[in-house]
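Asker: Model the full assembly from the supplied sequences, consistent with the hints where possible.
Protein chains: 2
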Amino acid sequence: MIGTDVVSPKGDSLGDIKEVVIDPRTGRVAYAVVSFGGFLTIGEKLFAIPFSAFEYSVENSNYVLDISKERLEAAPGFNPDAWPSMADEKWNRDVYKYYQRAPYWE
Amino acid sequence: MIGTDVVSPKGDSLGDIKEVVIDPRTGRVAYAVVSFGGFLTIGEKLFAIPFSAFEYSVENSNYVLDISKERLEAAPGFNPDAWPSMADEKWNRDVYKYYQRAPYWE
Numbered sequence: 027m028i029g030t031d032v033v034s035p036k037g038d039s040l041g042d043i044k045e046v047v048i049d050p051r052t053g054r055v056a057y058a059v060v061s062f063g064g065f066l067t068i069g070e071k072l073f074a075i076p077f078s079a080f081e082y083s084v085e086n087s088n089y090v091l092d093i094s095k096e097r098l099e100a101a102p103g104f105n106p107d108a109w110p111s112m113a114d115e116k117w118n119r120d121v122y123k124y125y126q127r128a129p130y131w132e
Numbered sequence: 027m028i029g030t031d032v033v034s035p036k037g038d039s040l041g042d043i044k045e046v047v048i049d050p051r052t053g054r055v056a057y058a059v060v061s062f063g064g065f066l067t068i069g070e071k072l073f074a075i076p077f078s079a080f081e082y083s084v085e086n087s088n089y090v091l092d093i094s095k096e097r098l099e100a101a102p103g104f105n106p107d108a109w110p111s112m113a114d115e116k117w118n119r120d121v122y123k124y125y126q127r128a129p130y131w132e
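So the sequences go chain by chain: A and B.
Heads up: the first sequence at position 63 corresponds to 89 in this note's numbering, and the numbers run straight through without jumps.
Heads up: the second sequence at position 5 corresponds to 31 in this note's numbering, and the numbers run straight through without jumps.
The hints are simulated quantities; they were obtained by calculation from the structure and are not laboratory data.
Hints should not be assumed to be uniformly reliable.
[What the hints assert, rightly or not] Far from chain B by the CB rule (all over 12 Å, computed), these chain A residues:
1) T30
2) P35
3) D38
4) A56
5) K71
6) E81
7) S94
8) K95
9) A101
10) F104
11) K116
12) R119
13) K123
14) Y125
[What the hints assert, rightly or not] FRET-style restraints, in silico, Cβ to Cβ:
15) A/E45 / B/D31: 37 to 45 Å
16) A/P106 / B/I28: 32 to 40 Å
17) B/V84 / A/K116: 54 to 62 Å
18) B/E132 / A/D31: 22 to 30 Å
19) B/E96 / A/S94: 42 to 50 Å
Idealized CB from N, CA, C, for every residue including glycine.
Answerer: Written as C-alpha cells, this is what we have:
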C-alpha cells in the first residue's frame, strides 16, 4: 500500500502514499499519509487523509482522491519530522471534519 | 502496529508483528505477519495470520493470540525471502481455513 500512487478523478497524478496509520484495535486503516510532491506548492509537507476519502482503482492499482486542489492546499499538513499527536481525539475529529468524512471510530 | 508484541491468553510472549498485509480496496488489515522468535523451534519462519485471530489489549498495548502452540507449529509458515503469492485465492482460503476464521473478503 505504501508507495501507491494517488490521482485525481481525472487521472492526474497527485502524489503517493508514504505511510498508513492503522487503528490497532479494529485493524482498519484510519489515515493514509500522502505527499503531494510537485502538485502542491507546499514543499515537504505530509497530509493525513481519512482512508474513506480514497477510492481504490483495481484497474490502475492506484487511489483516486476526489478533493479539490484548493481544499488540499488549505488542509492541515505537517512536517515529516513533526507528526501530530494522533492519539488526540480533537485532532482526529478536526481532520475528519475537514475532509467531510464520518469518523471511523464511531 | 509493526513491532507490537504478541502474547498468549496467559500473557506469555509469543513473538511480534513484523509486517501487516492490507487489503487495498477496503483498507482492512488482512494478515499480521508474525515472527515467533524463540517460542517455536522453527528458526526464522514467518506466519501470515488472519487479523481477526488477534485481540488487541488496550491495557498492555499488545495482541493476544489464542492459538495453541501445537497448531502454530504445524501452521503454514514461509521464509522471509520467499513470501507466498497473496493474490492467490486458494492460498488465502487455506490460511483462513487453517486458523478457522471467516474469510475477510466475503
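Asker: Each hint needs a verdict: does it hold in this structure or not?
Answerer: Results for each hint:
Here A/T30 does not stay apart from chain B, with its beta-carbon only about 7 Å from theirs, under the 12 Å limit. Chain B leaves A/P35 outside its interface by the beta-carbon criterion, the shortest separation being 17 Å against a cut-off of 12 Å. With a least beta-carbon separation of about 20 Å from chain B, A/D38 lies farther than 12 Å from that chain, consistent with its non-interface assignment. For A/A56, the condition that its CB be more than 12 Å from all CB atoms of chain B is violated, with the nearest at approximately 9 Å.
The claim that A/K71 lies off the interface holds: its Cβ sits roughly 22 Å from the closest Cβ of chain B, which is beyond the 12 Å cut-off. The beta carbon of A/E81 is not kept farther than 12 Å from every beta carbon of chain B, the shortest such distance being approximately 9 Å. Even its closest Cβ contact with chain B, about 22 Å, leaves A/S94 beyond 12 Å, as expected for a residue assigned away from the interface. Listed as a non-interface residue, A/K95 keeps its Cβ farther than 12 Å from every Cβ of chain B; the least gap is roughly 24 Å.
For A/A101, the shortest C-beta to C-beta distance to chain B comes to about 19 Å, beyond the 12 Å cut-off, and the non-interface label holds. The Cβ of A/F104 lies farther than 12 Å from every Cβ of chain B, with a closest approach of about 20 Å, so its non-interface assignment holds. Chain B leaves A/K116 outside its interface by the beta-carbon criterion, the shortest separation being 19 Å against a cut-off of 12 Å. With 12 Å as the threshold on Cβ separation, the claim that A/R119 sits away from chain B holds: the shortest Cβ distance comes to roughly 19 Å.
Its beta-carbon lying about 19 Å from the closest one in chain B, A/K123 satisfies the requirement of being farther than 12 Å from that chain. With a least CB separation of 14 Å from chain B, A/Y125 remains clear of the 12 Å interface cut-off, as annotated. In this structure the hint that A/E45 and B/D31 lie 37 to 45 Å apart at CB is violated, the actual value being about 21 Å. Between A/P106 and B/I28 the Cβ separation comes to about 18 Å, which falls outside the hinted range of 32 to 40 Å.
As the Cβ distance of B/V84 to A/K116 is approximately 19 Å, the hint placing it in 54 to 62 Å is violated. For B/E132 and A/D31, the hinted distance range of 22 to 30 Å is satisfied, since their beta carbons lie about 28 Å from each other. In this structure, B/E96 and A/S94 break the distance hint of 42 to 50 Å, their C-beta atoms being roughly 56 Å apart.
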